[in-house]
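Asker: Kindly produce the complete structure, drawing on both the sequences and the hints.
There are 2 protein chains.
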Amino acid sequence: MTKITPVILCGGSGTRLWPRSRASFPKPFLPLVGHETLFEGTVARASDPAAFAPPIVVTGTAHLDHVERQLSGHEGAQVIVEPSARNTAAAIALAALRLPEDAVMLVCPSDHHIADSAAFASAAKAAAALAAEDWLVSFGIEAKTPETGFGYLHRGEAIGSGGFKVARFVEKPDLERAQEFLASGEYAWNGGIFAFRTGAFLKELGEHRPAILEAARAAVATGREEGARFHPDAEAFARIDSESVDYAVMENTSRAAMVPADMGWSDIGNWHALRDARAGDENGNRVSGRAELVDCRNVLVESDGPRVSVIGLEDVIVVVDGDEILVTTIAGAQLVGKLSGAVNQ
Amino acid sequence: MTKITPVILCGGSGTRLWPRSRASFPKPFLPLVGHETLFEGTVARASDPAAFAPPIVVTGTAHLDHVERQLSGHEGAQVIVEPSARNTAAAIALAALRLPEDAVMLVCPSDHHIADSAAFASAAKAAAALAAEDWLVSFGIEAKTPETGFGYLHRGEAIGSGGFKVARFVEKPDLERAQEFLASGEYAWNGGIFAFRTGAFLKELGEHRPAILEAARAAVATGREEGARFHPDAEAFARIDSESVDYAVMENTSRAAMVPADMGWSDIGNWHALRDARAGDENGNRVSGRAELVDCRNVLVESDGPRVSVIGLEDVIVVVDGDEILVTTIAGAQLVGKLSGAVNQ
Numbered sequence: 001m002t003k004i005t006p007v008i009l010c011g012g013s014g015t016r017l018w019p020r021s022r023a024s025f026p027k028p029f030l031p032l033v034g035h036e037t038l039f040e041g042t043v044a045r046a047s048d049p050a051a052f053a054p055p056i057v058v059t060g061t062a063h064l065d066h067v068e069r070q071l072s073g074h075e076g077a078q079v080i081v082e083p084s085a086r087n088t089a090a091a092i093a094l095a096a097l098r099l100p101e102d103a104v105m106l107v108c109p110s111d112h113h114i115a116d117s118a119a120f121a122s123a124a125k126a127a128a129a130l131a132a133e134d135w136l137v138s139f140g141i142e143a144k145t146p147e148t149g150f151g152y153l154h155r156g157e158a159i160g161s162g163g164f165k166v167a168r169f170v171e172k173p174d175l176e177r178a179q180e181f182l183a184s185g186e187y188a189w190n191g192g193i194f195a196f197r198t199g200a201f202l203k204e205l206g207e208h209r210p211a212i213l214e215a216a217r218a219a220v221a222t223g224r225e226e227g228a229r230f231h232p233d234a235e236a237f238a239r240i241d242s243e244s245v246d247y248a249v250m251e252n253t254s255r256a257a258m259v260p261a262d263m264g265w266s267d268i269g270n271w272h273a274l275r276d277a278r279a280g281d282e283n284g285n286r287v288s289g290r291a292e293l294v295d296c297r298n299v300l301v302e303s304d305g306p307r308v309s310v311i312g313l314e315d316v317i318v319v320v321d322g323d324e325i326l327v328t329t330i331a332g333a334q335l336v337g338k339l340s341g342a343v344n345q
Numbered sequence: 001m002t003k004i005t006p007v008i009l010c011g012g013s014g015t016r017l018w019p020r021s022r023a024s025f026p027k028p029f030l031p032l033v034g035h036e037t038l039f040e041g042t043v044a045r046a047s048d049p050a051a052f053a054p055p056i057v058v059t060g061t062a063h064l065d066h067v068e069r070q071l072s073g074h075e076g077a078q079v080i081v082e083p084s085a086r087n088t089a090a091a092i093a094l095a096a097l098r099l100p101e102d103a104v105m106l107v108c109p110s111d112h113h114i115a116d117s118a119a120f121a122s123a124a125k126a127a128a129a130l131a132a133e134d135w136l137v138s139f140g141i142e143a144k145t146p147e148t149g150f151g152y153l154h155r156g157e158a159i160g161s162g163g164f165k166v167a168r169f170v171e172k173p174d175l176e177r178a179q180e181f182l183a184s185g186e187y188a189w190n191g192g193i194f195a196f197r198t199g200a201f202l203k204e205l206g207e208h209r210p211a212i213l214e215a216a217r218a219a220v221a222t223g224r225e226e227g228a229r230f231h232p233d234a235e236a237f238a239r240i241d242s243e244s245v246d247y248a249v250m251e252n253t254s255r256a257a258m259v260p261a262d263m264g265w266s267d268i269g270n271w272h273a274l275r276d277a278r279a280g281d282e283n284g285n286r287v288s289g290r291a292e293l294v295d296c297r298n299v300l301v302e303s304d305g306p307r308v309s310v311i312g313l314e315d316v317i318v319v320v321d322g323d324e325i326l327v328t329t330i331a332g333a334q335l336v337g338k339l340s341g342a343v344n345q
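Same order as they appear, the protein sequences are chains A and B.
Numbering of the first sequence is given in this note's numbering, commencing with residue 1 and proceeding in unit increments.
Numbering of the second sequence is given in this note's numbering, commencing with residue 1 and proceeding in unit increments.
Note that these hints are calculated values from the structure, not bench results.
Just so we're clear, the structure is a prediction, and the values are computed from it rather than from any experiment.
Careful, some of the hints might be misleading.
[Said to hold, decoys possible] Label-pair restraints from in silico Cβ distances:
| id | chain 1 | residue 1 | chain 2 | residue 2 | range |
| --- | --- | --- | --- | --- | --- |
| 1 | A | R297 | B | S122 | 47 to 53 Å |
| 2 | A | E314 | B | Q179 | 27 to 33 Å |
| 3 | A | R297 | B | V343 | 19 to 25 Å |
| 4 | B | P210 | A | V294 | 44 to 50 Å |
Ideal Cβ placement from N, Cα and C applies to all residues, glycine included.
Answerer: Here it is, written out as C-alpha cells:
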C-alpha cells in the first residue's frame, strides 16, 4: 500500500485559550497537554515511516518560524507558505497539487489533542484504504457529550471494512438536537481530519468549486521553491475564495465517507476542554507552574512564573501569562475569546 | 480640657493580608482602603489641633522607615523605637512614662480602618473625659455581626455622660455565644482603642504588673533621645514580660470603663474584611489596578501590575503582588495566613 502523506494545517489565531495562547504564539505551538506542543504531537502521530511519508505543513508567514523550529528533525518535511489565509479548501488544494495523483493525503489540523495514538493510526489506515478507492473520508469522532460547538456526521450504510457512507453533514446543532444525536448513536463529531487520494480530491474540487481549483493551480504553477519551503504565487492565491473544505467539497460530493475514531480526541477549544484533557491529581486539580492549592477541587492552575495560591475553589481556571491573568469558572471559559485582552492583541 | 495625646501602636507582622501585606511592608503602611494608608488614617483622625497634641508612635526598628516617611508633615510627632517586641502593656507604659502624669493618652492601633471620623472624634472626647476621672476606658465598638475573632466587652452600669463600667471582659467566643452577645445588645467588640490618664494607667500597671512597670521605668530612664526618636534602653526593655494591656491591666482593674463607638470600624483582619471595607460598584465588585470583570458579583481584585480578567465568579478575591498571586473564596480568606507564601516570608 502507498504510504500516507500527512498534510498538516496550521492556521488560526487562538483567542479562546488567551492569555496563554496569543496571536503571535497560538495554540498549536504551545505544550498545552504534556511536554509536546499540539503541533509536535500532530507530526509525531503521523511519523511512523512504515505507514507515513514525510509531512507537508501548510501555514502562513506569521507562524513559519514556529513551524520550522518545531519540525526540526523531521527529515523530508515540506512547508507550503500561504501568502494569505484562504481557509481549508485552498490549503488542501495546494498540498494536493504538489503531490502525485495517486498519493493519499491525511489532512490533520495541528491544534487538536489525541490521547490514543494507536487508535489514531488504526483509523488513519482504515481511512487511507477507503481513500484509495476514491472515497473522500472524514474521521467520525465518537461523540462523548452533547457538544453544540461541533459539526456532526450522520452515519450511512457500511462500506469497506469498518467504514460508512456519510448520510448527511450537520451544522452545529442546538443542545436538544445534540442530545438526540448522542442518544441515537448514529452521529459522530466532524473533527476536520480527512483522507483523500489527491486525484479524487482535485476532481471533486474541480466539479464543485472550479474557480478555487483553477486559482490554486495557477498559484502552484507560478510559485517558487526555497529549500524545503514552497511559496505559492501571492497574486494568484489571493484570488481564491476563502471556503472550508466541508462547504466546498464534502457537503457536495456523493463520495463522502467516514471511519469511526474513538481516540481520546479534543480540539482543546477552550480552557474547559484543556482542563479535561489534562490528568488531575486525587482532587482533580491540574497544576502547571508554582502553585499551592488548599481545599480545591477540579481547579486548573497554569502559571509561567508567579506562585499562585488558591483557597476553597472548585471548577475554576487560573492562568498567568506575563502581564495577563485570567480567572474563570468552567462555564465562563467559553467567553474568554471576548475579553478585551483576547480581542485587542 | 487638656489636649489628648494620641499613642499610636505599630507592630504586627501581617500574614493575613498576604501577599499584599508582607513582613517587610505590613498592613498599617499600605493604602488598603482609599488613598491613605491605615497608619496615615490613624494619625489623621487624631490630628485636629483643637483636641489633640502631636502623636507619640511606638514601633520597632523594622518599621521605623515606614513610620517616619508616613509621619512627615506632622509637626511635633515623636517616635519611640522599641528594641524588641514586647506587646501592648510595655508599649503603652513607655509612652506613659514619657508624658506628664496628667496627660490623657488615646491608644490607637495603626492597622484599623474607621469610616466615620466624626464618630471617632466624638467617642475620643467622651473617653478622654472619663479618663480624666481616672477611668481606664476602652472603646466599645458596636457589634454588627457575630464575630468569633474578637474579644467582647460586657456593658455594666452607666457612668458619666454616655459611658459605662465594663461588667466583664470576654475572650473570643464561639459562634453560638457570639450570636447571643449580638442578640442581647449588651456586648461590644474590644477593638484595642483606649483612653488613659497616664498617672492612672501607671498606678494600675504598678499594682497588677509591678515588674513590667519597673523594667519600663528603667528602660526609659536609661534611654536616649535622637531628634524626634526616643530609644529605650535595650537591656532593660528586654527584661519586660510580653503581655497585652488587656491581660495585664484591663481585666484586673476595678476602674475599667467603656464608651460606645459606632464608627464604621474594621480591623481589616483578612481579605474578607478588606473587601467589605471598600465601596463596591453596582455589582458589588471592588477593583484596584487593571482588571476586566464579566458576570462577577462581590469580587475583589487587587493587582499591582498585570491585568486581571475574571469571568463568572462571586465572592472571590484575587490579589496580585509581584511574584505572588492569591485567589480565594470569602470563607477561605481566614486561611491565608497559613499559606506557604505567608508563613515563609
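Asker: Need the list of violated hint numbers for this structure, in ascending order.
Answerer: No hint contradicted; all consistent.
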